[in-house]
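Based on the provided sequences and hints, a complete structural model is requested.
Take the sequence shown: its letters are residues 1 to 249, numbered as in our numbering.
Note that these hints are calculated values from the structure, not bench results.
Misleading hints may appear alongside valid ones.
As the list claims (entries may be wrong) - No more than 25 Å apart at the CA atoms, straight line, and that leaves these computed lysine-lysine pairs for PhoX-like:
#	residue 1	residue 2
1	LYS24	LYS38
2	LYS142	LYS128
3	LYS80	LYS100
4	LYS138	LYS128
The structure presented is a predicted model; accordingly, all values stated were derived computationally and were not measured.
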Amino acid sequence: MNFENMNALSQKVEGVLGTVRTLKQENAKVRKELENAKAQLQDKSILLDTANANIASLKSNLSDTNAKLTAVGASLTDAKAALDARVNQVNAQEQALNEKLVSIANLKNLAAEKDRDIAALNGIINEKIELLNALNAKVEEKDAIIAKLMDQLQAQSDEIADAQEKFNQLVATIENELGTDLSIEEPSVETDDVLEAEESVEAVEEAADEVEQAPAQEDLPTIEVHGAEEKEESKSRASGEGSQTSFFD
Numbered sequence: 001m002n003f004e005n006m007n008a009l010s011q012k013v014e015g016v017l018g019t020v021r022t023l024k025q026e027n028a029k030v031r032k033e034l035e036n037a038k039a040q041l042q043d044k045s046i047l048l049d050t051a052n053a054n055i056a057s058l059k060s061n062l063s064d065t066n067a068k069l070t071a072v073g074a075s076l077t078d079a080k081a082a083l084d085a086r087v088n089q090v091n092a093q094e095q096a097l098n099e100k101l102v103s104i105a106n107l108k109n110l111a112a113e114k115d116r117d118i119a120a121l122n123g124i125i126n127e128k129i130e131l132l133n134a135l136n137a138k139v140e141e142k143d144a145i146i147a148k149l150m151d152q153l154q155a156q157s158d159e160i161a162d163a164q165e166k167f168n169q170l171v172a173t174i175e176n177e178l179g180t181d182l183s184i185e186e187p188s189v190e191t192d193d194v195l196e197a198e199e200s201v202e203a204v205e206e207a208a209d210e211v212e213q214a215p216a217q218e219d220l221p222t223i224e225v226h227g228a229e230e231k232e233e234s235k236s237r238a239s240g241e242g243s244q245t246s247f248f249d
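Encoded structure:
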């Protein structure tokens, strides 16, 4: 074999070796890509399993949801029936309410008429109240006069009683000293105090007559008026006081 053939063969061997190296590199690259692909495939398989599990869970949830929707649909049907019944009831109540509104309108008209009547009566009542207030004021004035006169009468009665007691004590003392009973004639002359008391009683009686003539729309104070018996008692006590005065003189 000559040198040219050797050189040509060497070149061919180098070409084959270069091709082999290239193929090895490509093979290594392909293997690496295959491993990456396997890893990705494994990851995707895991993801697929997870997705399948999620899908199964979703299907189960969907079944539960469908069952709930069915139950809700039945409830809605019942609710619609109840709502229809309620609507019918509301319509009946609205009709009854309209009738009541008509009745209320009639009652309002009647109440307006009664209000007018009441206003008229209030006017009359106010007039009566004013009259009654005036009479009450007059009664209070008379009551004050009566109270004053009664106080005066009481004071005069107390004075007369005291004078009578002193007179009786004096007569008893004189009778004891003389050893005999005295026949004393009581004077019939009325003192000025007794006359004044009688005039006061007459004024009280006149005031009582005026009070009795007032309208009896409300209770008036009860007035006590002492009559002729008290006058006679006052005269008797006054006579005793006159006799005592004569002894002191």
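Cross-check of the supplied hints:
{"no.": "1", "hint": "LYS24 - LYS38", "result": "20 Å, holds"}
{"no.": "2", "hint": "LYS142 - LYS128", "result": "21 Å, holds"}
{"no.": "3", "hint": "LYS80 - LYS100", "result": "29 Å, violated"}
{"no.": "4", "hint": "LYS138 - LYS128", "result": "15 Å, holds"}
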